[in-house]
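> Sequence:
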Amino acid sequence: PLSPVDNAAITQQMSQISMVQGIANLNSSMTALLASQSSQAAGLIGHTVLTSGNGLDLSGGAAYGAAKLAGAATDVQIDVLGPSGSVVDTLALGQHAAGDLSFTWDGKNSQGTPLPDGSYTFKVRATAGGAAVSADTFAAGRVTGVTLSSTGPMLDLNSGRQVALTAVKQIL
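Each residue of the sequence shown is one higher than the one before, starting from 1341 at the first, in the numbering used here.
Hints listed in this document are in silico derivations from the structure and should not be mistaken for laboratory results.
By construction, the Cβ of each residue, glycine as well, lies at the ideal position given by its N, Cα and C atoms.
A few of these clues could be false.
Claimed, not checked - Pairs of lysine-lysine residues, derived as BS3-like cross-links and limited to a Cα-Cα distance of at most 30 Å, are as follows:
no.	residue 1	residue 2
1	K1448	K1463
2	K1463	K1408
3	K1448	K1408
To be verified - Here are the in silico distance ranges between beta carbons for each label pair:
no.	residue 1	residue 2	range
4	S1459	Q1510	18 to 28 Å
5	G1400	T1467	47 to 57 Å
6	T1351	K1509	28 to 38 Å
7	S1358	K1408	42 to 52 Å
8	L1512	Q1356	44 to 54 Å
9	A1504	Q1417	28 to 38 Å
10	A1438	S1358	48 to 58 Å
11	G1425	K1448	11 to 21 Å
12	G1452	G1411	30 to 40 Å
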């Protein structure tokens, strides 16, 4: 304090010192949090993760996808779409309860012919009593690397996509 007799000045200066110290502590905490997130992201390399999306990455004759049904469905079908957007195969999953569902596509078209490895997409068609049941879709990808950005760690996936660590819904 520059003027020890002035109580208001002492209080104000002490408050400023406390605020500066608080900001320094917050900065240290944020640095530690980012380091922890980076370490967590690096630990995912080689693992498969689910993120929001409808991509299917066909590799070695198999592709994995998932969805979450808003309600029970008496009929669930997965339409697999090729690069042009046309349906190349349909998977009939039948009846399914509300909640999570997963599927593996064998990489063959509806005639049973193997398709080339690459990127495909899928749509979920679910109905109950003739009414549509909504579904959120999730894409699977293997983590091949981590890129550190100003917004936090980004996961590099084998499909070439990049997703934020916070976008991971499940680690498989």
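> So, for every hint listed, does it hold in this structure?
Verification of the hints:
1. Between K1448 and K1463 the alpha-carbon distance is near 16 Å, which keeps this suggested pair within the 30 Å criterion.
2. Of the supplied pair hints, the one linking K1463 and K1408 holds, its CA atoms being roughly 12 Å apart against a limit of 30 Å.
3. Annotation: proposed proximity of K1448 to K1408 holds, straight-line Cα distance about 24 Å (limit 30 Å).
4. The hinted range of 18 to 28 Å is satisfied by S1459 and Q1510, whose Cβ atoms lie roughly 21 Å apart.
5. For G1400 and T1467, the hinted distance range of 47 to 57 Å is not satisfied, since their beta carbons lie about 33 Å from each other.
6. With their beta carbons about 50 Å apart, T1351 and K1509 fall outside the hinted range of 28 to 38 Å.
7. In this structure the supplied range 42 to 52 Å holds for S1358 paired with K1408, their Cβ-Cβ distance being about 47 Å.
8. Between L1512 and Q1356 the beta carbons are some 51 Å apart, a value that agrees with the proposed interval 44 to 54 Å.
9. Range check, A1504 to Q1417: Cβ separation about 31 Å, and the 28 to 38 Å hint holds.
10. Evaluation of the 48 to 58 Å hint for A1438 and S1358 yields a pass: the beta carbon distance comes to about 52 Å.
11. Between G1425 and K1448, the C-beta spacing of about 19 Å keeps the proposed range 11 to 21 Å intact.
12. At roughly 33 Å, the beta-carbon separation of G1452 and G1411 lies within the given 30 to 40 Å, and the hint holds.
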